[in-house]
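Colleague: The whole structure should be built from the sequences, with the hints applied where relevant.
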Amino acid sequence: MIKILIVDDEGIERRGIKFLLKQIKVDFHICEAANGMDALEYLKTQDIDILFTDIKMPFMDGMDLIKEVKNNDIKCKIVIFSGYEEFEYAKFATKMGVINYILKPVDPDEFKSTIIRILKEIKDEKVKEEKNIRNMSFLREHILYSLVNGTSPKELEIKFNDVIDLSFIKEYRRMILIEFAEDFFGVKEYDIEKIIKDNTNIQFKYLNLNQRQSLLFINNIGLEYRDIKEAAYSIYNTIRMNCMSECFVSAGKKIEKAEDILGAYGKIELLIEKRFYNNSDEHIFIDDEVNEKVISSKNDTDIILKKIKQDMSIKDTESLKDNFKKLCDLYENDNDISNMYVKFIFSNVLKDLYENLNEVSEKGFKEDINKIYKSSDFASVVRIINEYIVRFEESISDNPLLVHKEIETIKKYIYENYDKDIGVEVLAAQVCFAPSYLSYIFKKETGQNLSKFIKSYRMIKAKEMLETTYEKIVNVSYAVGYRNVSYFCQSFREYFGVSPQKFRNEGE
1 MIKILIVDDE GIERRGIKFL LKQIKVDFHI CEAANGMDAL EYLKTQDIDI
51 LFTDIKMPFM DGMDLIKEVK NNDIKCKIVI FSGYEEFEYA KFATKMGVIN
101 YILKPVDPDE FKSTIIRILK EIKDEKVKEE KNIRNMSFLR EHILYSLVNG
151 TSPKELEIKF NDVIDLSFIK EYRRMILIEF AEDFFGVKEY DIEKIIKDNT
201 NIQFKYLNLN QRQSLLFINN IGLEYRDIKE AAYSIYNTIR MNCMSECFVS
251 AGKKIEKAED ILGAYGKIEL LIEKRFYNNS DEHIFIDDEV NEKVISSKND
301 TDIILKKIKQ DMSIKDTESL KDNFKKLCDL YENDNDISNM YVKFIFSNVL
351 KDLYENLNEV SEKGFKEDIN KIYKSSDFAS VVRIINEYIV RFEESISDNP
401 LLVHKEIETI KKYIYENYDK DIGVEVLAAQ VCFAPSYLSY IFKKETGQNL
451 SKFIKSYRMI KAKEMLETTY EKIVNVSYAV GYRNVSYFCQ SFREYFGVSP
501 QKFRNEGE
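Under the working numbering, the first residue of the sequence shown carries the number 1, and numbering increases by one thereafter.
Taking lysine to aspartate or glutamate pairs in the DMTMM-like style, the calculated list, with each CA pair at most 25 Å apart, reads:
hint : residue 1 : residue 2
1    : 67        : 121
2    : 463       : 416
3    : 131       : 171
Hint data in this document are derived by calculation from the structure and do not stem from the laboratory.
Modeller: Here's what the structure looks like:
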């Protein structure tokens, strides 16, 4: 609804303007003021679209009112209506940016044409403003996407400082990563952003990363651990109830500055990736908890032993050493457990290591088992196993092609089949790996998330098609593996900062 304020000290004049406005058949909300002072007080508390003002009025005339409107940066269209003898005042008003002038007595046709023109200006300006807001929102998304993917804040500041104030990044205090167990975005008909906003009181900037992951930049929750934990659980429960899909939620520590974003994102992504280690029902991970949980119960032994076996199977020696240290910490000073039980547990670790080593003879292994059972102190047991861990580590470093071949097979498959459905399950089947294991070794070998690698390659191929062909956007989308064209356009805009159509137009 268009809001109008009519200012004139003569009631009959105000009623005349109201009558003419009603003849235009537009839904106006009309208010009145008898002088400039009353009008200014109203304008300071209420937004209006059009201000009609006479020039000569008591207390504050129309010219002073216009000056105050400009000085207070009140946004509205101004229409002056006055007698012929006041035309010089009107000319002065035009110098202040007032271009709408109606002479008294008012001609109905002139009045109508002026109002219709102003209404069109208002509509056009609102459309332009909405477009600018959308473009600014897209630019913010592109900047955040760039930060998450390793572009330095300094580089972005140089590139965009004339277009956008990068201080908006300071609004965001935390990041929450959402990852689905299977391809979700662009595949299933759910608007996750809307679902979370409608069902929680969390304020955030939403950034889709790929078909399985989305990142939320949070700006309205406290910095305490309990606040981010509540937010993470709220998001997880909301998605589970509304989408009926398995997902994982990882929340990071507070962000102090733009330079913190890349590292904070890496940590929360790692938290979710680490779920491969523990076959539990855990779906929510909080960065504040990392390295703060101290294993203090004998019941944790089985969990640690499972992790150690998994470390061996995926040949992650750093995690293996870390988990073995946790096992040592668990029993080193616990005098309530029998020595024989401790030796039994550690001999099982030695057995697992032996089964993953080729150069240790069965005879040598049995001798080392006997050494463990005959050891008079805990340190001797630990020393024997550490020697095996060193051998295990050396066996991997001596064979750098152990994993490389499988990763190259995966890359080749992606290069040849990027136009098809190539989720992690499909790729894992090519090399007979578990999907979670493939994701893990791909990241370790290449330093890049598998889903991001697929997306990056698809974006590069889409860019090539846009540069070298005149295929329709929908055909480009299908050609690079996106069946949802809207999702393809969104992904392209996040990756390159412009829509596919705009990218093509700029290249022509």
